[in-house]
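Peer 1: Here is what each chain is made of, one letter per residue.
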Amino acid sequence: MKQKHPVAPARTICTVVCLALLSCGALLATDGDPDGWVVAVGNWTRGQQVLKPYDGVFANDQLRGTSGDIVVALKDGQSQHPYHCDKYPCTVTIPGFRPVEDSLLARLGRAFGELASHRDRMPISAISRGRESLRQAVLEFHGGQLDLKDAVRSINPGTYTVSLGPIETAPSTTPGPLSGSVHWEPPEVTFAAFPALAPGIYELTLASSEGASLGSVVVLVASEADYPAQRKSFDAGVQSLPKGLDQVTLNAFLNALLFDAGTGSK
Amino acid sequence: MKERSARRKFWRYFGVGVCWMAFTSGIHELADRTWLVQRLETANLDALFSGKKRIVSPDVVVVSITDDDYQNVFGGISPLNAGKLMKVIDAILAGNPKALGVDFDTSGWAGPPAKYAGKPIVWAREVLGEAGSLTMGKVLGGTEEVCYGVPAYFPDEDGIVREYKEFIQGADHKYYPSVAFNLVEVSQRGPQACRGALPNLDRNQSSELEKINFRGPKHAFDHLSIGVLRTLENLPASAVHPLHGKIVLLGGAYRAARDAYPTPFSYLDGVDIIANTVDMNLPGNKELKDTPAWLNAVGYLQGVVLLAGLYFVSRTWSLLIQVLVVPVYALLVNWVAFQWAGTFVSFVPCFVGIVIHEMVEHATEYHRLQRENRELHEQMNHLRAAATSASTPFHGEG
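For the record, the sequence lines run as chains A and B.
Per numbering that gives the first Met the number 0, residue 0 is the first one in the first sequence, and the count goes up by one each step.
Per numbering that gives the first Met the number 0, residue 0 is the first one in the second sequence, and the count goes up by one each step.
In isolation and in its complexed conformation, chain A is listed as follows:
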């Protein structure tokens, strides 16, 4: 019993100091580094604080709304989070997105569990997407040289075979595909030589020097005089397209825009 008396006040002081430090830390954390912020807000409060745009919010905060919506941006890598209430007043909770801090025992259990269990098989999607080498474009033809830079997205420097199959050209144009080659070294060298090329719509096909096809795409070959207007018309059309189109629909629209740009200037 004797030993307990001197320890008790010391323990109380320690507890008080620790609590004070903790609350100071919490306050500093509250003001210093929030988990997100308010983007737009009606009449909402966080505790006693009336929220206004750019006020900080934290994961697991309870926000109380009396009218209007609230939009919150979080540091979770996602888009903004809008919250709407059907009935007021209402309360919403900011979702926790950080990993939960576990106890020592839980972490030990997790480590041994990892050794004891087998790894979950992680799936892969064996599908090509997003990195097509070619795209629809208006190409400038000037002095027997066709500039391919707008049609080629990303290919390694090197020599490639270029074929142009006429789709819609002037009647006097030589029928049948035209072939040439390009030593691709962007941004300096992006031209292929085609001495007898008439403006019009073509199917551009690109192949490596070993013959491996890199794909084909519809392009509009424009003379030096028509190029600025046709390019502008095509770019304006691309900008007006709705967002979120799937690739097939997008390709159909882009082809149509090329035809439109090609015939519009005639």
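Hints are computed from structural coordinates only; laboratory data are not their basis.
Incorrect hints may have been included.
To be verified - Derived lysine-lysine pairs resembling BS3-like cross-links, with alpha carbons at most 25 Å apart:
no., chain 1, residue 1, chain 2, residue 2
1, A, 51, A, 86
2, B, 86, A, 148
3, B, 173, B, 210
4, B, 210, A, 242
5, B, 83, A, 231
6, A, 231, B, 52
7, B, 52, B, 83
8, B, 52, A, 148
9, A, 242, B, 86
10, B, 83, B, 97
11, A, 148, B, 114
12, B, 52, B, 173
13, A, 148, A, 231
14, B, 52, B, 86
15, A, 231, A, 242
Stated by the list, open to error - Cβ-to-Cβ under 8 Å is the rule here; a few derived chain B residues that face chain A:
no., residue
16, 40
17, 42
18, 49
19, 53
20, 67
21, 71
22, 78
23, 81
24, 215
25, 218
26, 226
27, 240
28, 252
29, 334
Don't be surprised by glycine CBs; every beta carbon is placed ideally from N, CA and C.
Assemble chain B onto chain A, guided by the hints.
Peer 2: Quick look at chain B alone, frame taken from chain A:
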């Protein structure tokens, strides 16, 4: 005389035990680079990562282009439009970060934008080709006069990314810095600290494979999407920008980027793997280190003490200690060393040596007892036969 015999017996036991320990340690060293040992080591490493406290530096922030951003801002077209990407970079730089790493392929750009001259930006530079003959891709259309880094990582045999190199040696025998290395340098000492291709490395620089000390899963770091970044454009002057004074990494988290890799923390986007590498290289943060020589010596000493101690306990206790206590102790010490010092401690070769030694001792003793038992039986049979023949009446001449 008896005491002398007991001492000799102990030293014989001890000497043979130490030889076994040395033998298994030698075998371990020889087998260290084999597929089997490496698989065991990576399983152990993944378990250690699982049990780790998931704390990351608040100074590292990832700005990621999500699927929504890819569709809404970039029109769903790859490679991303350079002009739009520059707008994103401008928005990040408006927050005055310490350093910005751009984890996008800029080889097709027309050239380095003049407005970024002198800014603390590290541009990712792709590495091409096979190991041993690596060539560097282009950055910002092909200029060498910008601050760049190579975001190269090396999957293990099981396909999981656990290793990187601080410097990559190119086919031209020059050493190219990693994105993580230059980002840390630029964030600590400013844009002038950025390194280009080096003919030689300093003593404290390395082109060897190093383990990534993964700090945590995807959401351990702060992440801002482009949509959220845009909301900061009208941030009041009084408010602190969330990117102010941070090391910011800009990368793609959209599906079409195909830039996600399996790691001990499941799939991580390439930009998140770089964030982990940057964090582990920040001053004060522990990198993963090979076991220091003194710790190896301590491990061996512990084995020697255990070997000597086991001589003086009964067979039952010896078996219990070896089967239950020692493996748990070894795992715990390894775990503690990893959590607090970022290093690995393996007493396994020593303990395996001791266990083999004990098994051989048991087997030898068993055979000795068997032999003695057999001899005893033979002697008893002889004696019994002699006794039988002695008790039989003599039928000689009579």
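Peer 1: Against this structure, judge whether each hint is valid.
Peer 2: Against the structure, the hints:
For the proposed pair residue 51/A and residue 86/A, the alpha carbon gap of about 21 Å is at most 25 Å, so the pair holds. Of the supplied pair hints, the one linking residue 86/B and residue 148/A holds, its CA atoms being roughly 22 Å apart against a limit of 25 Å. For the suggested pair residue 173/B and residue 210/B, the alpha carbons sit about 22 Å apart, so the restraint of at most 25 Å is met. Straight-line distance between C-alpha atoms of residue 210/B and residue 242/A comes to about 42 Å, which puts the hinted pair past the 25 Å bound.
Taking the CA atoms of residue 83/B and residue 231/A, the gap is near 18 Å; set against the 25 Å cutoff, the hint holds. A threshold of 25 Å between alpha carbons decides the hint, and for residue 231/A with residue 52/B the separation of about 56 Å lies outside it, so the pair is violated. Distance check on the hinted pair: residue 52/B and residue 83/B sit about 38 Å apart at the alpha-carbon level, beyond 25 Å; violated. The hinted pair formed by residue 52/B and residue 148/A fails the criterion: a straight-line CA distance of about 50 Å is larger than 25 Å.
A C-alpha spacing of about 19 Å is found between residue 242/A and residue 86/B, which places the hinted pair at or below 25 Å, so the restraint holds. With a C-alpha separation of about 22 Å, the suggested pair residue 83/B and residue 97/B falls inside the 25 Å cut-off, and the hint holds. The straight-line distance between the Cα atoms of residue 148/A and residue 114/B is roughly 24 Å, inside the 25 Å bound, and the hint therefore holds. Proposed proximity of residue 52/B and residue 173/B is contradicted: the alpha carbons are some 38 Å apart, above 25 Å.
With a C-alpha separation of about 16 Å, the suggested pairing of residue 148/A with residue 231/A holds against the 25 Å cut-off. With a C-alpha separation of about 37 Å, the suggested pairing of residue 52/B with residue 86/B is violated against the 25 Å cut-off. Of the supplied pair hints, the one linking residue 231/A and residue 242/A holds, its CA atoms being roughly 20 Å apart against a limit of 25 Å. Evaluation of the residue 40/B hint against chain A yields a violated restraint, the C-beta minimum of about 12 Å exceeding 8 Å.
Given hint, residue 42/B at the interface with chain A, holds; its Cβ is 7 Å from that chain's nearest Cβ, closer than 8 Å. Contact between residue 49/B and chain A, as hinted, is supported at the beta carbon level, the nearest pair being about 4 Å apart and thus within 8 Å. Taking 8 Å as the C-beta contact cut-off toward chain A, the hint placing residue 53/B at the interface holds, the least distance being around 4 Å. This hint holds: residue 67/B has a C-beta 5 Å from the nearest C-beta of chain A, less than the 8 Å allowed.
Interface hint status for residue 71/B: upheld, as the beta-carbon distance to the closest one in chain A is roughly 5 Å, under 8 Å. Checking residue 78/B against chain A: minimum C-beta separation of about 6 Å stays under 8 Å; hint holds. With a least beta-carbon distance of about 11 Å to chain A, the hint placing residue 81/B at the interface is violated under the 8 Å criterion. Given hint, residue 215/B at the interface with chain A, holds; its Cβ is 6 Å from that chain's nearest Cβ, closer than 8 Å.
Because the smallest distance between the Cβ of residue 218/B and any Cβ of chain A comes to about 5 Å, under 8 Å, the interface hint for this residue holds. With 8 Å as the threshold, the beta carbon of residue 226/B comes within range of chain A, its nearest partner Cβ sitting at about 5 Å, so the hint holds. Taken as an interface hint, residue 240/B does not check out: its beta carbon lies about 11 Å from the nearest beta carbon of chain A, beyond 8 Å. Below 8 Å, beta-carbon pairs count as interface contacts, and residue 252/B has one with chain A at about 7 Å; its hint therefore holds.
For residue 334/B, the interface hint holds, the least distance from its beta-carbon to any beta-carbon of chain A being 6 Å, beneath 8 Å.
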